[in-house]
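Visitor: Here are the chains, one letter per residue:
Protein chains: 2
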Amino acid sequence: MKFYEDIAAGEKAEIGRYTFTAEAIKKFAARFDPQAFHLDEEAAARSHFGALCASGWHTASVWMRFMVDYQHREDGVRAQRGEAIVPMGPSPGFRELKWLKPVYVGDTITYAYEVLDKRPSVSRPEWGLMTIGNTGTNQKGELVISFVSTAFLARRGSAA
Amino acid sequence: MKFYEDIAAGEKAEIGRYTFTAEAIKKFAARFDPQAFHLDEEAAARSHFGALCASGWHTASVWMRFMVDYQHREDGVRAQRGEAIVPMGPSPGFRELKWLKPVYVGDTITYAYEVLDKRPSVSRPEWGLMTIGNTGTNQKGELVISFVSTAFLARRGSAA
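In order, the protein sequence lines correspond to chains A and B.
Using this note's numbering, read the first sequence as starting at 1 and increasing by one per residue.
Using this note's numbering, read the second sequence as starting at 1 and increasing by one per residue.
Worth flagging that the hints you see were computed from the coordinates, not collected in a lab.
Copies of the same chain are indistinguishable here, so a pair counts whether it falls within one copy or spans any two.
No more than 25 Å apart at the CA atoms, straight line, and that leaves these computed lysine-lysine pairs for DSS-like:
| hint | residue 1 | residue 2 |
| --- | --- | --- |
| 1 | K98 | K118 |
| 2 | K26 | K140 |
| 3 | K101 | K27 |
| 4 | K118 | K101 |
Let the hints inform the model, and build the full structure from the sequences given.
Guide: Here it is in structure tokens:
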């Protein structure tokens, strides 16, 4: 992660692309969301979705993976430059998570973020708080997931 | 699921209890949230969490599993009574997800829900919309996760 002082509102980036396979959709669903339209092609065809589609929690969890990998890559770049690396802070949660379209087998979702806002933390002066708009967009350009997350960032000179 | 007409605001229930093991925490994290404090005891001890703890997405995904299992059990009871079974409708998303406390190895989380509100859907007249308050509480009685979900429910006499 960057320090709080090094991030600006408006900063944005694509963090990764993922193609959802039937195998991955069923594997996640078998563990965490065993509804018929996430597990079985024929049952899904008869459902309101019309075809096998991913659990919304799967779509969201893939975002988390890309965000962690993105931060690790960014840390690597900073380490090569000899810059300080600070760990990601705790996340207090997110707001307004919307599953806007189903994610079907074969759909490729592009995940991206934009920093919407940042402010010092009142309760934890060694951290700053960042508000991020996160999106996943399918290969047709349709938004399939969006949510607003908040994250703590260490401040320069703090012991965080 | 019940029909929209058969659910009342204020209805609440415990849907399940889950004890987070180090193995389950690491398995989820390896796939979806590979941060050191979710993967490695020693690194976690040095982090702001102080010990290995579950990914927030893991805590949330276990809720989903219990909610699906709970609905399936309820469907079984209704089927035995000869009552109609209607599938769960699509979920448009969540609001205000808060990870309030870390979930450490050995913590047992009790998940519960309460129906906060219900109203007919304007855009989809065959469905009603239900707002649900969801919580996860640890063995010390501390809230570790809370969020507000919305879900579509089929209306009696609809083709949903």
